[in-house]
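Sequential numbering from 1 applies to the sequence shown in full-length UniProt numbering.
Derived from the structure by calculation, the hints contain no laboratory data.
Just to be clear, a hint being listed does not mean it is correct.
Mimicking EDC-like on lysine to aspartate or glutamate, the simulated pairs with C-alpha atoms at most 16 Å apart in a straight line are [stated by the list, open to error]:
id: 1; residue 1: Lys221; residue 2: Glu211
id: 2; residue 1: Lys114; residue 2: Glu168
id: 3; residue 1: Lys185; residue 2: Glu168
id: 4; residue 1: Lys165; residue 2: Glu211
id: 5; residue 1: Lys126; residue 2: Glu175
Across the chosen pairs, the derived CB separations fall in these ranges [claimed, not checked]:
id: 6; residue 1: Asp172; residue 2: Glu123; range: 40 to 50 Å
id: 7; residue 1: Ala18; residue 2: Phe41; range: 34 to 44 Å
id: 8; residue 1: Asp116; residue 2: Glu150; range: 16 to 26 Å
id: 9; residue 1: Asn227; residue 2: Ile39; range: 36 to 46 Å
id: 10; residue 1: Lys119; residue 2: Arg46; range: 29 to 39 Å
id: 11; residue 1: Ala26; residue 2: Lys157; range: 23 to 33 Å
id: 12; residue 1: Glu203; residue 2: Leu94; range: 26 to 36 Å
id: 13; residue 1: Ile217; residue 2: Leu146; range: 15 to 25 Å
id: 14; residue 1: Phe177; residue 2: Gly218; range: 20 to 30 Å
id: 15; residue 1: Arg155; residue 2: Asp116; range: 17 to 27 Å
Please read these numbers as outputs of a predicted model, since none were measured by experiment.
Ideal Cβ placement from N, Cα and C applies to all residues, glycine included.
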Amino acid sequence: MSTDGYSVGATTTEWHDALVKHKIIAKPEREVTQDETDIKFMWETREKEEANKYKDKTLEELGEMEDDGEERGKGKEQKKKKKGTIEELRRKRLQELKDKETAERFGRIQAISKADYTKEVTEASKQSTVVCCLFAFSQPESKKMLQCLEILAERFKECKFVKIKGQECIEDYPEDFCPTLIIYKSENPIGHIKGLQCFGGIEVISPDIVEWELAQIGVWKTQMETNPRTFQMHTKNKTRSRYQSKSANGERSEIDAEQQDEGAERASDASDLDLD
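Produce the entire structure from the sequences given, and follow the hints as far as they go.
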């Protein structure tokens with residue numbers, strides 16, 4: 001009986017060793033002892049505890065701790081390891097700040113001119129999605145849309161929002177088509193929405209509804225699980241039903257007509273959303 005020179009927890013025969021030597025069979029793996037497992041767990045726990053000490057530190061605090069380690073820890077392995085941990089955390093924190101700054105570099109609607117369109121919309125869409133609003137001055141629908149977009153620009157700072165007067169962007173562009181949203185991604189238009197019908201009209205539209213509808217065509221991802229417009233319409237219809245039960249016949253007919261118009265509005269939504 002002989003062994004292969006490794007502690008495998010069991011004795012092997014010469015025949016077995018010969019098979020291993022000529023690579024006919026694999027060499028048995030060394031069994032890990034309980035002591036080794038416990039020691040490994042202990043060091044991993046210590047390293048996690050050490051790293052957690054610096055997790056919530058600011059960049060300035062990490063810098064001070066790094067300087068302190070250089071002054072007191074020369075020639076000490078433990079201090080050297082601590083310094084390496086702090087340096088790594090500082091690099092990670094700086095990268096996180098840089099990434100956040102890059103992702104959130106917008107946050108408002110930028111007014112552009114026709115000369116800026118290619119640069120600020122088409123070319124800019126290489127880096128981020130661009131939502132361009134063609135609007136008409138003093139038009140209530142345009143004002144309502146721009147109010148919604150101002151709020152969404154704050155919510156989705158990684159997305160670029162721009163606005164331009166419709167007739168300046170496109171000569172003789174009908175004001176009835178305003179507001180018009182043109183959405184670009186990777187230099188390609190992915191959405192073209194005229195008016196507010198797609199969002200329920202001027203009385204229904206809200207930032208949440210615009211967020212939901214644009215999420216459906218891939219402008220961004222929304223945290224909302226249900227269509228906020230459906231909820232609004234459901235609540236509105238319930239209110240009307242209670243009113244109908246207390247109204248005279250003439251009033252009821254007028255409300256029924258409003259509900260029919262609302263249904264027609266919903267049915268026309270698909271035609272208002274043209275994907276180029």
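These are the hints, each one checked on the structure:
1. Lys221 - Glu211: holds (9 Å)
2. Lys114 - Glu168: Between Lys114 and Glu168 the Cα gap is close to 6 Å, so the pair holds against 16 Å.
3. Lys185 - Glu168: violated (22 Å)
4. Lys165 - Glu211: Violated. Lys165 to Glu211 sits at ~22 Å, over the 16 Å cutoff.
5. Lys126 - Glu175: Outside the cut-off at roughly 30 Å; violated.
6. Asp172 - Glu123: 40 to 50 Å: violated (26 Å)
7. Ala18 - Phe41: 34 to 44 Å: holds (38 Å)
8. Asp116 - Glu150: 16 to 26 Å: holds (20 Å)
9. Asn227 - Ile39: 36 to 46 Å: Taking Cβ atoms as reference, Asn227 and Ile39 lie about 57 Å apart, which means the hint is violated.
10. Lys119 - Arg46: 29 to 39 Å: Violated: the Cβ-Cβ distance is about 54 Å, outside 29 to 39 Å.
11. Ala26 - Lys157: 23 to 33 Å: violated (56 Å)
12. Glu203 - Leu94: 26 to 36 Å: At roughly 48 Å between Cβ atoms, Leu94 and Glu203 fall outside 26 to 36 Å, so the hint is violated.
13. Ile217 - Leu146: 15 to 25 Å: At 20 Å between Cβs, range holds.
14. Phe177 - Gly218: 20 to 30 Å: Taking Cβ atoms as reference, Phe177 and Gly218 lie about 23 Å apart, which means the hint holds.
15. Arg155 - Asp116: 17 to 27 Å: holds (24 Å)
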